[in-house]
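Student: Chain by chain, the residues:
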Amino acid sequence: MYTPDNILTTTIDKAVRWSRTQSMWPVTFGLACCAIEMMAAGSAKYDLARYGMEVFRASPRQADLMIVAGRVSQKMAPVLRQVYDQMADPKWVIAMGACSSTGGMFNNYALVQGVDHIVPVDIYVPGCPPGPQSLMHGILTLHDKIMDGEINR
Amino acid sequence: MKKDTRKNKFKDKFDFWATNSEEGGWNISSTDEGSQKMLEEENAKQIKIQTGTDVIDDFVIDEDTSDDERMIVNMGPQHPSTHGVLRLQAELEGEVVRRVKPIIGYLHTGMEKTGEELNYFQGPTNTTRMDYLSPLFNELVFSLTTEKLIGIEVPDRAKNIRILMTELNRISSHLVALATGGMDIGALSMMIFGFRERELILNFFEKTTGLRMNHNYIRPGGVAADLPDGWQKDIEEILKIIPEKLQDYDDMLLDNPIWKGRLQNVGILTTKECFAYGVTGPSLRASGHSWDLRKAQPYSGIENFEFEVPVLNEGDVFARWRIKVLEIFESLKIVEQALNKMPKGPYKIQDKKITPPPRKRLDESMEALIHHFKIYTEGFKVPEGDAYVAIESPRGELGCYIVSDGSSKPYRMHVRGPSFCNLQALPVIMTDSPIADAVAAIASLDPVIGDVDR
Numbered sequence: 001m002y003t004p005d006n007i008l009t010t011t012i013d014k015a016v017r018w019s020r021t022q023s024m025w026p027v028t029f030g031l032a033c034c035a036i037e038m039m040a041a042g043s044a045k046y047d048l049a050r051y052g053m054e055v056f057r058a059s060p061r062q063a064d065l066m067i068v069a070g071r072v073s074q075k076m077a078p079v080l081r082q083v084y085d086q087m088a089d090p091k092w093v094i095a096m097g098a099c100s101s102t103g104g105m106f107n108n109y110a111l112v113q114g115v116d117h118i119v120p121v122d123i124y125v126p127g128c129p130p131g132p133q134s135l136m137h138g139i140l141t142l143h144d145k146i147m148d149g150e151i152n153r
Numbered sequence: 001m002k003k004d005t006r007k008n009k010f011k012d013k014f015d016f017w018a019t020n021s022e023e024g025g026w027n028i029s030s031t032d033e034g035s036q037k038m039l040e041e042e043n044a045k046q047i048k049i050q051t052g053t054d055v056i057d058d059f060v061i062d063e064d065t066s067d068d069e070r071m072i073v074n075m076g077p078q079h080p081s082t083h084g085v086l087r088l089q090a091e092l093e094g095e096v097v098r099r100v101k102p103i104i105g106y107l108h109t110g111m112e113k114t115g116e117e118l119n120y121f122q123g124p125t126n127t128t129r130m131d132y133l134s135p136l137f138n139e140l141v142f143s144l145t146t147e148k149l150i151g152i153e154v155p156d157r158a159k160n161i162r163i164l165m166t167e168l169n170r171i172s173s174h175l176v177a178l179a180t181g182g183m184d185i186g187a188l189s190m191m192i193f194g195f196r197e198r199e200l201i202l203n204f205f206e207k208t209t210g211l212r213m214n215h216n217y218i219r220p221g222g223v224a225a226d227l228p229d230g231w232q233k234d235i236e237e238i239l240k241i242i243p244e245k246l247q248d249y250d251d252m253l254l255d256n257p258i259w260k261g262r263l264q265n266v267g268i269l270t271t272k273e274c275f276a277y278g279v280t281g282p283s284l285r286a287s288g289h290s291w292d293l294r295k296a297q298p299y300s301g302i303e304n305f306e307f308e309v310p311v312l313n314e315g316d317v318f319a320r321w322r323i324k325v326l327e328i329f330e331s332l333k334i335v336e337q338a339l340n341k342m343p344k345g346p347y348k349i350q351d352k353k354i355t356p357p358p359r360k361r362l363d364e365s366m367e368a369l370i371h372h373f374k375i376y377t378e379g380f381k382v383p384e385g386d387a388y389v390a391i392e393s394p395r396g397e398l399g400c401y402i403v404s405d406g407s408s409k410p411y412r413m414h415v416r417g418p419s420f421c422n423l424q425a426l427p428v429i430m431t432d433s434p435i436a437d438a439v440a441a442i443a444s445l446d447p448v449i450g451d452v453d454r
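Read top to bottom, the protein sequences are chains A and B.
The working numbering puts the first residue of the first sequence at 1, with every later residue one more than the last.
The working numbering puts the first residue of the second sequence at 1, with every later residue one more than the last.
What the hints contain is simulated information worked out from the structure, not anything from laboratory work.
A virtual CB, placed ideally from N, CA and C, is assigned to each residue, including glycine.
Fair warning: there could be bad hints in the mix.
[To be verified] Derived pair list, reagent style DSS-like, types lysine-lysine, alpha-carbon separation capped at 25 angstroms:
1) K45/A / K207/B
2) K240/B / K45/A
3) K333/B / K352/B
[As the list claims (entries may be wrong)] Examples of chain B residues lying across from chain A (beta carbon under 7 angstroms, computed):
4) N74
5) P102
6) T109
7) L200
8) N203
9) M213
10) K295
11) G385
12) D386
13) Y388
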């Protein structure tokens, strides 16, 4: 029986991508104001559990997604990089809020001007702080990105 | 025994400096090259420590007292129960914490320096992000200090709106403290409950100020906007729902033997220790001292409201949890009074030099356009001098000190953060207690790292 080579491959591709989006566990990386909104997104009213994401893992080894929620100071930068390095591949990063995206309103000696100086960022969520809805939109955009992208990144 | 050896070490160090200086006295700076080089090396090391590339480990275990049981454990900065990015270095003997050192600065944002680059009109934008659970208090204290420097008094309606909004903010802040405190100890229902009720208040904030957090609503000269249409209805809803839910919390936790057994007689802080470490706010009142700046140094017309200051005497984690619930009830009383006696009138001071004109006036008046332009570009000038104002934030005494050199920007702005001072008491609470109580102790002090580090 003749089976075209690529049929099986694309199917696994799709299955892998789908399973990655449906149980994406974030690492707890709450830093400042945005962390409170991230917690609000995880609790009763907004309920991240709908996307299989309610399990915020304290250990980076068990996490796929790092939501950098808040301003990253120069002192925190090495810690952030280490947590990122400890996460198992494949991994994604969401820069939540103005401070972690660009440094926000604090253009001074203390802050890293955008977390993309340290780690590769997939999604930037604007706002100061972004509401839970904005964060969810960011997460869904990331899901779309994963569904459309390569599985071996 | 241990304390004595540490004292001697310090004394030796001091003697070294005292004998090596040329003055032969207290002066430690020296002009000769050797000492200069030494100082430079020391500075380089200091900078490394401050930027976090080098962490000093001063837990040197004395050889005669040390045994294999002692071990140093790091907790944080990336840890779900440290309320942000607090880092603790604890020296354990078995399961008992013998010494602990909080290491802060992982969220240092340089806000006091940024405050010198923003004019007084933009100031609240910066200060509101300090203590992110009580943003309106930060704005209020900055605005009150600026108004004290200029010497103006805001209209009655503005004062009343300020009290209404800050007391609602106190409720939402305490709700988060209860929620995260419950989560840390394992009462996960409390976490869900606390955040659910907080949404109710945040919805009102969003309606009024446009944002859920970091409002920039209270500004020098009044508030940014009037209350929205139908605000009475929203407040009435809050006043109706929150007490019911608080009753739920009591049903769930107040007589819960697990909760009581976990928290009672844990992490005791005496009144004396509170005074020694400058602990204020609910933690002080839970230790048996009735001190509330709303009564002691009333601000923004809060002396016209009737409320009680709850005081508990136990000083343990349970009392610090309980007092937050009681304070929510008192804040609800104030909110109800603010609702009933809201005066009519302007919501900001009618001084063209300080508050910008309404948008509509810009189309009609050249003068209004000029004032608008001047305020939004240069800001208003504040007379020379300095002022300190303190208010009662949900965590304690929140003070703001501003030095003005007569320009439109502060020469120096300093904020006395309550979390910073309360955190100093953490070693007192945690020393000689089991490591399992550490998380409960941190949660009960309710530090917000944004306020600690700024």
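Student: Next step is simple, just say for each hint if it's right about the structure.
Tutor: Now for the hints, and whether the structure bears them out:
Distance check on the hinted pair: K45/A and K207/B sit about 17 angstroms apart at the alpha-carbon level, within 25 angstroms; holds. The hinted pair formed by K240/B and K45/A meets the criterion: a straight-line CA distance of about 19 angstroms does not exceed 25 angstroms. Pair hint K333/B plus K352/B does not hold up; C-alpha atoms about 35 angstroms apart against a cutoff of 25 angstroms. The interface hint given for N74/B is broken, as the beta carbon of that residue sits about 11 angstroms from the closest beta carbon of chain A, more than 7 angstroms.
Checking P102/B against chain A by beta carbon gives a least distance of about 14 angstroms; that is not within 7 angstroms, so the hint is violated. Hint status for T109/B relative to chain A: holds, with the closest Cβ pair at about 5 angstroms, below 7 angstroms. Against a cut-off of 7 angstroms between C-beta atoms, the interface hint on L200/B is violated, since the closest Cβ of chain A lies about 10 angstroms away. Interface restraint check for N203/B: the shortest CB-CB distance to chain A comes to about 10 angstroms, outside 7 angstroms, so the restraint is violated.
Annotation: interface hint on M213/B holds; nearest CB of chain A at approximately 6 angstroms, less than 7 angstroms. Taking 7 angstroms as the C-beta contact cut-off toward chain A, the hint placing K295/B at the interface is violated, the least distance being around 29 angstroms. With a least beta-carbon distance of about 26 angstroms to chain A, the hint placing G385/B at the interface is violated under the 7 angstroms criterion. Taking 7 angstroms as the C-beta cut-off, the interface hint given for D386/B is violated, the closest approach to chain A being about 23 angstroms.
Because the closest C-beta pair between Y388/B and chain A is about 24 angstroms apart, greater than 7 angstroms, the hint is violated.
Hint compliance for this structure: hints 3, 4, 5, 7, 8, 10, 11, 12, 13 are broken, all remaining hints hold.
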